[in-house]
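**Q** The primary structure of each chain is shown beneath.
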Amino acid sequence: MRHFTFERAKSVDEAVKGGAQPEAAFLAGGTSLVDLMKLEVLTPLRIVDVSRLDLQKIEARTGGLVLGALATNTDVALHPEVRRRLPALAEALLSGASPQLRNAATVGGNLLQRTRCAYFRDLATLCNKRTPRSGCDALEGWTRMHAILGGSNQCIAAHPSDMCVALAAFDARVKVRGPQGEREIALTDFHLLPEQHPDREFALSPGELVISVFVPTTAAAARSRYVKVRDRASYAFALVSCAAGLELSGGTSGRIIREARVALGGVGTKPWRSIEAERALAGQPPTKDSFRKAAELLLAGAQPRRDNAFKVELAKRTMVRALTLAAEGA
Amino acid sequence: MKPTITGQPLARIDGHAKVTGAARYSAEVQISGVAYGVLVTSACARGRILAIETNDAEREPGVLAVITPKNALRLPDTKVPENDRVVQVLQDDRIVYSNQPVALVVAETLEGAMHAALLVKVHEEKEPATVRLDDEIKNAFEPEPQSASGKKSADQVRGDPARGLREAAMRIDETYQTPYETHNPLEPHATTAVWNGPDRLTVYDATQGVFGVRKKLAKMFALPTGNVRVLTKFVGGGFGCKGTPWSHVILAALAAKQVGRPVKLVLTRPQMFGMVGGRPLTRQRLSVGANKQGKLTALRHESVSTTSRFDDFLEPAASVSRHSYACENMATSHRLVRLDIATPTYMRAPGEATGGFALESAIDELAHALKMDPLALRLASYAETDPTEDKPFSSKSLRKCYAEGARRFGWAWNKRSPARADGMLVGVGMATSSYPAYFSKAEALARMLPDGTALVTSGAVDLGGGTYTVMSQVAADAIGLPMDRVRFDLGDSEMPEAPRSGGSQTAASCASAVLLAGRALRDKLVRMAVADAGSPLLGARPDEVLIENGRMTANGRTDSFADVVKRAGGAPVEERARAGPDEARKKWSLHSFGAQFVEVLVDPDLGHVRVKRLVGVFAGGRILNARLARSQLMGGMVWGIGMALHEETVYDEKIGRIMTRDLADYHVPAHADVQVIEPYFIEEEDVHVDPAGVKGIGEIGITGTAAAIANAVFNATGKRVRSLPITPDKLL
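Order-wise, the sequence lines are chains A and B.
Residue numbers for the first sequence, in the numbering used here: 1 to 330.
Residue numbers for the second sequence, in the numbering used here: 331 to 1062.
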């Protein structure tokens, strides 16, 4: 690990000031940052510890939930209002990592989680995300865990978060505070596509600190599910995952989808929300046929590689499963 | 006397020390003045080191040395002992696999050494390399007989397999593949080397065998064997990758000599992928024929496995077919293919685990083709004697294992089980397990102390299976003492020599030596008593002396071990014994056997397989401790789940580098993957196998498991997966 200075912020303002310094990094749960610092994939010179700031609160308001940036994954997942009003989020969180990690990992940290691309973590290989314009060994390498959506000729690293997939599907907005004050960023704009600058992953300016996340809790959110497919039963990153929510109208015989929400994980370079698929579902009956058609639409632009071609079909099936479960209700 | 303590399901005596952290593993050994070594490893798979920039690293505070091939101490001998693995110890500029040691940083602190290691800049000249089996299969060659396959020749033929296949009513001809795997014990490899003067070396090493480490160090540093001492008190898993000393062991000693300080070198998890071996990839073709009744008419098993460019390790995958089924026409062969990879090594039932997957899958395919119960097909070709060696089995209770397993599992083979209400497909499968009963030369020393307690030693290693406990049990019975008056110690090359803990042989070998030494000590004490004028037993016949709890009784008079020792002057009374295979043992075919039955649930859309229940019944001779035996078998069965569903070491084929270098990318079963595991055993009295009557159960639990699971997946889905692991994509 490279030497660094360490300061514990006593207030948000102090944190923002510290975080705006060159080569600074915020430390919250540390589950990703410390790991990458040990590998020297990340080598910040200045660590600003924000873990003691008063940002742990989870608030249930009319119309939505406010998740404090320092609320732990466990606290969010077990919160009764989260479970009731946005079950997909609770399921997504519980499907990630292990209890120990979830007890330490925070909402803000999860938003800023880095990819698990094996090349990103291996200093002996080429990675444009780690070292801009140095090349990417993953493109022609072992791509089983890589993205099939949103990649570029510079980077195909998959976004690893489960939580962000659920948040992306349900119009979450991230409140950040920086040297220029506070602003809100839609979760779907928070993560950037790699394009020609895979090293730039977040729509954040230097010093901007995540304060909280607001998620509107709609009828579709209340009828939502998260399905994750992985190589073992627990403690593995997603091959494919899907957060889905439905608002249905009509009686039991002639139900119609009023509104649908869909986002995929494990397949995109960022949490993959599909407005197009959601539009295709609106007005359709909640049947496997409609689900499959929407899934075909979503995956039409997929660009699989040698080892991850299976993800195209698996993603469709996962999406059908999540929508089916959502239609069945909790 | 009938054993009373041996066999009891006692809790392990080192359990408390382990859960409280009092047990010191090799990396935890505290040595004053120790410096820390961290390896720098290669990026490319084949080439030459052009230059190594060490300035930045050397400038870091606390860095004592950056050792590279340029400045490394020259070893007097770079050859390794026979049957040992070739190592890369900074003696030349060659790169022969990716992640090979190319430099070693030694610093005052671990953190300092780790950081400095990342500042070392290695310039490599890459040469064309390949890690793809298909690129080199044209150069496959027949390996020399190796010790891993019992020094048997690579190819064996019996009868006329071609005719057997021609005349078969049903034939299966399929190719199976098992992937590269990496052992991943929880405890990393760790070596602390301390020089006591220019020619005396003490090493604390995470190893499966202290004597092998001593031998290699003594040879490479040209020291008398007696000048090297190796200690290993606790091992946090080995699974084969601590069976032979690898490069880091030699490098720790080299660095300690070079910097004039004790050096501790612990591998990082990523460094454990390659440098310390792994299971090679195997590709196996099985051609099996049977008549209409399911009796085998031909069995051909051809295996190709990978090895490095510079050393031969053979995974004896086809060997399992030589002992499993009665069949007149049989052919087995092994070929090796050289690739630009690190040398593979023994891993969790080498040969039987990989070969058993192919053989037991093929047998299931044959049963399905014949529309026969796969258990009935196995019974139709039950081998009453060893089909290759024409020898009787020293003991074989496989029929009982089948019957007991089928009963406990509720085996009813009736095609497909209906899907569950939640849509999950249900499947059942079974397979045969087997593993050779190895027995090697071992010595033990039993010593009676004046306080009436005994200290028994043998330089074996406890990999976590419970050697401390079971040897204490055997010693207590042999000497005639209760458990709490016997102490068994191990893991020191100054102790009587014991074989490496590998091949499931420690219980058999070491317990036999302990048994003989304990009995010899007991007999000596009796002889001393009956000849001792001060003993109430003076004049009694030794064979009329009864022994219990350290007391000797004859004709209503008693004496104690403690008193005998005291009267003799108080110096400990000791006896040493050696056990080992003799000529008579060669008359027998010696194997443990078992049967495994499994129920799986498969998600028909998403491809996820869940092993709902795994029942295994095993016969491995005498069971020394029922509780620990159960744990070992259970552990083996969990390995089998990992082999079936999860484990795979993946290379980037373009750069020739392992990319699954941590436990997030290299999957072993998580708790949630392990549901109901039911290991049982059938006790056997086997007087031919070794004095202790033990056949070894350390590895048999993994044999057959992967096939049983694959067979159950087929039963559930109709899809036959012939290439492990069975990941969701293979079932879409």
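No wet-lab data here; the hints were simulated from the structure.
This structure is a prediction, so every number in the text was calculated from the model and none was measured.
The beta-carbon is built from N, C-alpha and C at its ideal position, and this holds for glycine as well.
Just to be clear, a hint being listed does not mean it is correct.
[Stated by the list, open to error] Covered by chain A, per the in silico footprint, the following chain B stretches (three or more residues, Cβ under 8 Å): (1) 717-724; (2) 995-1003.
[Said to hold, decoys possible] Partial list, derived from the structure: chain B residues whose beta carbon lies under 8 Å from chain A: (3) ALA373; (4) GLY377; (5) GLU438; (6) LEU440; (7) GLU441; (8) MET444; (9) HIS445; (10) LEU448; (11) ASP982; (12) LYS984; (13) LEU1061; (14) LEU1062.
[Stated by the list, open to error] The calculated lysine-lysine pairs, modelled on DSSO-like cross-linking and capped at a C-alpha distance of 30 Å, are: (15) B:LYS1060 - B:LYS1049; (16) A:LYS38 - B:LYS587; (17) B:LYS916 - A:LYS38.
**Q** Now tell me, hint by hint, if it's right for this structure.
**A** A quick look at each hint next to the structure:
1. 717-724: violated (count 0)
2. 995-1003: holds (count 7)
3. ALA373: holds (4 Å)
4. GLY377: Not OK, violated: GLY377 of chain B not within 8 Å of chain A, min 13 Å.
5. GLU438: Where the cut-off is 8 Å and the nearest Cβ of chain A is about 15 Å from GLU438 of chain B, the hint is violated.
6. LEU440: Since chain A brings no Cβ nearer than about 11 Å to LEU440 of chain B, farther than 8 Å, the hint is violated.
7. GLU441: This interface hint holds because 6 Å falls under the 8 Å limit.
8. MET444: holds (7 Å)
9. HIS445: Holds - the Cβ of HIS445 of chain B comes within 8 Å of chain A, reaching about 6 Å at its closest.
10. LEU448: holds (5 Å)
11. ASP982: holds (4 Å)
12. LYS984: Since chain A brings a Cβ to about 5 Å from LYS984 of chain B, closer than 8 Å, the hint holds.
13. LEU1061: violated (10 Å)
14. LEU1062: holds (6 Å)
15. B:LYS1060 - B:LYS1049: holds (9 Å)
16. A:LYS38 - B:LYS587: OK: LYS38 of chain A and LYS587 of chain B at ~29 Å, within 30 Å.
17. B:LYS916 - A:LYS38: violated (54 Å)
Hint compliance for this structure: hints 1, 4, 5, 6, 13 and 17 are not met, and every other hint is.
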